[in-house]
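Kindly produce the complete structure, drawing on both the sequences and the hints.
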Amino acid sequence: MFAYVLRRALYAIPILVGVNLITFFLFFVVNTPDDMARMHLGMKRVTPDAIEKWKAERGYDRPLLYNAQADGSDRLTATIFFDKSVRLFGFDFGSSDAGRNIGADIKQRMWPSLAIAVPQFLVGLLVYVSFAMLLAFFRGSYLDISGVVLCVVLMSISGLFYIIAGQYVFSKLLHLFPVSGYEPGWLAWRFVLLPVVIGVIAGLGSSGRV
Amino acid sequence: MEPRQLLIRAPVTLPAWIAGMLAAIAIAGCSEQPWNSPYPAWQAEQNILYSSFSERPKHLDPAQSYSSNEVVFTAQIYEPPLQYHFLKRPYQLEPLTAVKIPSPYYLDQAGRRLTDDTPAAEIAYSVYDIEIEPGIRYQPHPAFARDAEGRYLYHDLSGADLERINALADFAETGSRELVATDYVYQIKRLAHPRLHSPIFGLMSEYIDGLAEYAKTLKQADRQQQSRQAENLFLDLRDYPLSGVEVLDRYRYRVKIRGKYPQFLYWLAMPFFAPMPWEAERFYSQPGMSKRNITLDWYPVGTGPYMLTVNNPNRQMIMERNTNFHGERYPEQGEAGDIEAGLLADAGRPLPLIDKVIYSLEKENIPTWNKFLQGYYDASGVSSDSFDQAIQIGSGGDISLTPELQDKGIQLNTAVATSISYMGFNMLDPVVGGDSERARLLRQAIAIAMDYEELISIFANGRGIPAQGPLPPGIFGYREGQPGINPYVYDWTKHGPQRKPVAEAKRLLAAAGYPDGRDVETGKPLALYFDTTGGGPDDAARLNWIRKQFAKLDIQLQIRNTDYNRFQDKMLKGTAQIFQWGWNADYPDPENFLFLLYGNNGKVEHNGENAANYRNAEFDRLFERMKNMKNGPQRQEVIDRMVEILRHDAPWVFGFHPKQFVLYHNWYHNAKTNLMANNGLKYRRIDPQLREQQRRAWNQPVVWPLGVLVLLLALAMLPALIAYRRHEQQRVQAAQS
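Line by line, the protein sequences give chains A and B. Counting along the first sequence from 1, when you hit position 10 you're at 10 in our numbering, and nothing is skipped either side. Counting along the second sequence from 1, when you hit position 122 you're at 122 in our numbering, and nothing is skipped either side.
Do not rely on the hints blindly, as some may be mistaken.
[Said to hold, decoys possible] Taking lysine-lysine pairs in the BS3-like style, the calculated list, with each CA pair at most 25 Å apart, reads:
1) B/Lys356 x B/Lys58
2) B/Lys630 x B/Lys88
3) B/Lys256 x B/Lys58
4) B/Lys256 x B/Lys100
5) B/Lys58 x B/Lys408
6) B/Lys291 x A/Lys55
7) B/Lys408 x A/Lys172
8) B/Lys408 x B/Lys630
9) B/Lys58 x B/Lys363
10) B/Lys100 x B/Lys88
11) A/Lys107 x B/Lys291
12) B/Lys548 x A/Lys55
13) B/Lys506 x B/Lys548
14) B/Lys291 x B/Lys260
15) B/Lys100 x B/Lys260
16) B/Lys88 x B/Lys659
17) B/Lys494 x B/Lys100
18) B/Lys356 x B/Lys630
19) B/Lys630 x A/Lys55
20) B/Lys548 x B/Lys524
21) A/Lys55 x B/Lys256
22) B/Lys506 x B/Lys524
23) A/Lys107 x B/Lys524
24) B/Lys552 x B/Lys88
25) B/Lys552 x B/Lys500
26) B/Lys659 x B/Lys672
27) A/Lys107 x B/Lys216
28) B/Lys291 x B/Lys494
29) A/Lys55 x B/Lys216
30) B/Lys552 x B/Lys260
31) B/Lys100 x A/Lys55
32) B/Lys630 x A/Lys172
33) B/Lys524 x B/Lys552
[To be verified] Away from chain A, derived, C-beta distances all over 12 Å, residues of chain B:
34) Ile101
35) Asp129
36) Arg252
37) Lys371
38) Asp539
Hints listed in this document are in silico derivations from the structure and should not be mistaken for laboratory results. Beta carbons are placed, not taken as given, at the ideal position from N, Cα and C, and that holds for glycine.
Shown next as structure tokens:
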């Protein structure tokens, strides 16, 4: 078991490095910083000076991989690659182009996501395992077959459909849950319940049988 | 045996769980609030307005912000010296923090005073002396907080001090101070700040004396400072004087403008010219602040009726009444019809009328719309998704609300936006551009073939009016009725303007040397290029439609679809041929539209806003004259001549002016659309009791289908239970035998 976990952890390293390299290539080579600047500065009254300034401020005016003008170790560190990609490995996410600190944003935004993901995982585990064992119990009978059919039907429907249908039926027609929104603290259950139920049902098809 | 015992519980779990859910809902039902209310119960019947935002605003710093979704906030918080009158039309400026609307005096090159009637060409400088009201105070803010000895509490914070700080509200103390003229000067200086990107810096450096040089001075100063100290990044602009802008005394400041530029007054009504206290910049530039997202871009500091108290762009933004607001009263006068519309019911009441506004993040259209229908948002736009649910168009083209919305007492406001969406020809292009008669006829033919009436009805649900020229209604110079039509594209009939038949376009095309879409000289079919960006399914339909319009004239239209940046690049280099573009008015003056075709604003040559690169000597001469004229018959005459030149030359196919539709619930008052002013929030009023009543009436929970659902699930379990019984019996029998 320990060897398995270790192996998995080691596998993750080349994958992360690869993902990092590919995103670097996509974000800074395929799509140049000039493009990003223009996208951010908008339509009205954008001058080339403004673009240069925008790039300089975010460090996008530096060379990509090797800074020949710098001294010593700066030759490698004063580059876009080091600043934007290598730092990520130290969990230093820097600022987004809109000027917000990404680390702080993640800290803030993960709670609503976790409030849905964790109960969905736990309840889902309970329901899926029970359901799967139930089917296994009646293996070969008509119950097993109808269970499989149900799973395939559930699986064939797009996840988006469950969300829209759930919102439509429970929030719009029956007025039972808020359509959208979030509230921190224990009142969060009013917003979390429906997505969890929908998530569990939507996952039943693929998880219940497999 | 053991594992199977466990299994028995499984079928019970689901119904039990749903029963639990029902119980939970029942508990929630004990509070009187509708179950589907997305807001906490204590907020019912509070004087709170609910609204939404779909994208987090990028900048709330008044030097940088230029987007319509940002000005929703900045215009309520920051107070420039002037504002637009809320009710009067045509749009009219009035003082906000200023004592009166400043009238400039003029100087020649040597600095000698000139009379007011001096011709514009002889005026070297216009000088605006602006006086502000005394006694206006800033909102409570930690940047102003001081201890008993008058030292600033939060201006030299260390890393340890900031440990427990995550939002602006975490600072225990706040303070305030009086608004002074220095703050206005400070903000104008910030337009040239080396670390900010003011979208109007390029434009303003042409007008405000010394601003361009000032940017260079600051850049150098900034570099020096950064080489000295890496950490404290506060660049105190008070140490660097700006020649064209000076403080006269505590309440007066002076702005020196190059030449004559009467439109400057309109800029004085925008947040770009709002005051900025130096304390705020000092406070926000401390190390560790931006790491916590505590910046001027996210937490504005102003004197306006509201202040931003919660800014969590991932969930909600809250504006609350500024406790230090200097006070303002609802206008006593409006235009004809305002009294009948109930818009003067609050005349003379102190503003603002609403205590708090909660903006919730709503990324999707459908939930936003449904929440509006349930009464959880007070106003709504009409997206194309929900258009059919909201609006019905009668046989005569008359627009009304659907019965469902009428029953709810919802009201509809429509207004033609002061903007234009047009199709431009690149005048540098050898085929469609240039001053030759041939190209002109070709452009005129295309202008007839592009059936914008159809475009508006298909792609905009009828929300727009075809443009007869560059000026939208509501802007001085626009003409209504027969004198206002574009005679090169329309005929006047008793039903109004009628687009000329395609046959006429074909005749023009033949005269241009392309009979049946073939070049007379070479015999080759005429192929044109449409440069565009965007690739969604909606765009595909629209592009197809445009191709069909050209096909009416047997012209092959090739779509050159690239991403946004490539498209911008083509426009900058002048390699595009035909393109679609738009403009939204900055201020209600014809100059703000006609400058889009002024030769010296050419995109390729001057990187200006003249995307068509149009240049006509006569038009340019008239533009320079018109720019400095007062609204009146003489100006109208010059504008008429300019518009006639444009219609004849047809550098644009004047597309259409979009129409805005806004829906309001019946508890929402003072909803007059003002396309120029963005600070309308302070005038709005809601009736929270009526809203709560309606919300309850519309959102009665329907529980019985849940019961049915539980029953159905139980029924579904039945076969399993029967099968299990049978199985057990067989085992018992097997054991017995």
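How the hints compare with the structure:
1. B/Lys356 x B/Lys58: Holds, because 22 Å separates the two Cα atoms, which is no more than 25 Å.
2. B/Lys630 x B/Lys88: 19 Å, holds
3. B/Lys256 x B/Lys58: 31 Å, violated
4. B/Lys256 x B/Lys100: With Cα atoms ~18 Å apart, B/Lys256 and B/Lys100 stay inside 25 Å; holds.
5. B/Lys58 x B/Lys408: 36 Å, violated
6. B/Lys291 x A/Lys55: 19 Å, holds
7. B/Lys408 x A/Lys172: 15 Å, holds
8. B/Lys408 x B/Lys630: 47 Å, violated
9. B/Lys58 x B/Lys363: 15 Å, holds
10. B/Lys100 x B/Lys88: Answer holds: B/Lys100 to B/Lys88 is near 18 Å, not above 25 Å.
11. A/Lys107 x B/Lys291: At roughly 13 Å apart (the allowed maximum being 25 Å), B/Lys291 and A/Lys107 satisfy the hint.
12. B/Lys548 x A/Lys55: With a Cα-Cα distance of about 42 Å, the restraint between B/Lys548 and A/Lys55 is violated, given a limit of 25 Å.
13. B/Lys506 x B/Lys548: 15 Å, holds
14. B/Lys291 x B/Lys260: 44 Å, violated
15. B/Lys100 x B/Lys260: With Cα atoms ~20 Å apart, B/Lys100 and B/Lys260 stay inside 25 Å; holds.
16. B/Lys88 x B/Lys659: Within the cut-off at roughly 20 Å; holds.
17. B/Lys494 x B/Lys100: At roughly 47 Å apart (the allowed maximum being 25 Å), B/Lys100 and B/Lys494 break the hint.
18. B/Lys356 x B/Lys630: 41 Å, violated
19. B/Lys630 x A/Lys55: Given that 25 Å is the threshold and the Cα spacing comes to 42 Å, the pair is violated.
20. B/Lys548 x B/Lys524: 20 Å, holds
21. A/Lys55 x B/Lys256: 32 Å, violated
22. B/Lys506 x B/Lys524: 17 Å, holds
23. A/Lys107 x B/Lys524: With a Cα-Cα distance of about 63 Å, the restraint between A/Lys107 and B/Lys524 is violated, given a limit of 25 Å.
24. B/Lys552 x B/Lys88: 45 Å, violated
25. B/Lys552 x B/Lys500: Holds. B/Lys552 to B/Lys500 sits at ~13 Å (cutoff 25 Å).
26. B/Lys659 x B/Lys672: 15 Å, holds
27. A/Lys107 x B/Lys216: Cα-Cα ~39 Å, so violated.
28. B/Lys291 x B/Lys494: It is violated: about 65 Å lies between the C-alpha atoms, which goes past 25 Å.
29. A/Lys55 x B/Lys216: 18 Å, holds
30. B/Lys552 x B/Lys260: 48 Å, violated
31. B/Lys100 x A/Lys55: Judged against 25 Å, a Cα distance of about 42 Å means the pair is violated.
32. B/Lys630 x A/Lys172: Not OK: B/Lys630 and A/Lys172 at ~55 Å, beyond 25 Å, violated.
33. B/Lys524 x B/Lys552: 17 Å, holds
34. Ile101: 26 Å, holds
35. Asp129: 28 Å, holds
36. Arg252: 30 Å, holds
37. Lys371: B/Lys371 is in fact no farther than 12 Å from some Cβ atom of chain A, at 5 Å.
38. Asp539: 17 Å, holds
Figure legend: structure checked against the earlier numbered hints; hints not met, in rising order: 3, 5, 8, 12, 14, 17, 18, 19, 21, 23, 24, 27, 28, 30, 31, 32 and 37.
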